[in-house]
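Student: Sequence:
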Amino acid sequence: MKLVLLGDGESPHLLKWARALAPQVELWAASSRGFAPGFDALVPAARRLALDTRPDFDGGNAGLLRQLPRLAAWLKTAQPDWIHAHYLTSHGTLAWLATRLLGAPGRLVGSAWGSDILVTPDRSPLLRWLTTRVLRACVLTTSDSQVMADRMRTLGADEVMTFPFGLEALPTAPGDKQDHLVFANRGLEALYDPGRVLRLFAGLAAAWPDAQLVVANSGALLPALQQQAADLGLADRVRFIGRVDADTQAGWYAQARWYLSLPTSDSVSVSVLEALAHGCIPILSDLPANRELVRHGDNGWIAAGSSLPTAADLQPLLARAAAIAATNHAWVADHALFGPSVSAFLARLRALDACRHLPS
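Under this note's numbering, think of the first position of the sequence shown as -9, with each following residue one higher.
To be clear, the hints were calculated from the coordinates, so they are not data collected in a lab.
Note that the Cβ used here is the ideal one computed from N, Cα and C, for glycine as well.
Watch out, some of these pointers could steer you wrong.
Simulated crosslink set (DSSO-like; lysine-lysine; CA at most 27 Å straight-line) [as the list claims (entries may be wrong)]:
1) Lys6 to Lys(-8)
2) Lys66 to Lys6
3) Lys167 to Lys66
DEER-style ranges, computed between Cβ atoms [claimed, not checked]:
4) Arg338 to Asp42: 29 to 37 Å
5) Arg113 to Ala214: 20 to 28 Å
6) Gly287 to Glu16: 30 to 38 Å
Please work from the sequences and hints to get the whole structure.
Tutor: As structure tokens, then:
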């Protein structure tokens, strides 16, 4: 099978797909920008196309659309069986136009990433129409949560495979943790509501004198959050450590008993899956995708509405912490490893190819 991966080649998420696909198909790759160095070992330079644009993935990218003839010509050289577009509003549109208007070869498959389905179609009638056209053009689409898959079907998708954008490897079983250590690593931007994370921690810190919050990642709100921590009297109990590498992050997951993620919109988050795999007890915002992962009061906590859990609320979870850690780790092993999901995805593509070539 010859498959073209079409997306943002500088994204670690697209690189993760490439790592999973490269051993199983003849992989080609086209990027709206450039390519992360990791692609060098996976896709030969002769099978890559960098369009070198700087797209806004919400759509309306004139610079990206101007590269359409170049992409179509390259696809005619590649002659793929499948064009696998990631992020439907931008790259899905590009693939659809290349095949529909310019005669590029390849059947279209699309992977939704979140806001391209949950946010963008509601911004204007034109974007909703465009999303619907791209979804209908895809022979198969993938979603990382049931709520997003349902939305895709409402917008016109036919067959949707649903699986988490899971872990490439399962960490070792959880060991000893610090009962009052809290870890958060979502972006320091309004979407992720990090101010609410600090307010939640302030309540816990009042009851747990040894409580510490470690905040990884960066973003525009960092100065305001540092000031908020100081105003709450928590400057010496909240550590802002910036972006960290995977090993450092895994170390914090392994030590922390609690994991906080309170975005206002999200699908299934890889960070939440990582936290579960490391045996953290998650405290999450009340979003449909989060409820696919967490049973409130059983293996974590869902912070509904404007309410925030207190230390007293969380004490029953803390009393069962070791059992919860083992349960969350086992769930990821059974349901959220990426390799088996990608293999099932490719098996479905092969089945679709076989059906297409059956005699009528």
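Student: Hinted pair, alpha-carbon criterion (27 Å max): Lys167, Lys66. Please report holds or violated.
Tutor: It is violated: about 55 Å lies between the C-alpha atoms, which goes past 27 Å.
Student: Does Lys(-8) sit within 27 Å of Lys6, going by the straight-line distance between their CA atoms?
Tutor: Holds, because 18 Å separates the two Cα atoms, which is no more than 27 Å.
Student: Between Gly287 and Glu16, is the Cβ distance one that fits in 30 to 38 Å?
Tutor: violated (49 Å)
Student: Note whether the CB distance of Arg338 and Asp42 lies within 29 to 37 Å or breaks it.
Tutor: Roughly 33 Å apart at Cβ, these two residues keep to the hinted range, so it holds.
Student: Is Lys66 within 27 Å of Lys6, Cα to Cα?
Tutor: Given pair Lys66, Lys6 holds - Cα atoms ~26 Å apart, limit 27 Å.
Student: Is the distance from the Cβ of Arg113 to the Cβ of Ala214 consistent with 20 to 28 Å?
Tutor: This hint holds: roughly 27 Å between Cβ atoms.
Going through the hint list in order, the structure does not satisfy hints 3 and 6.
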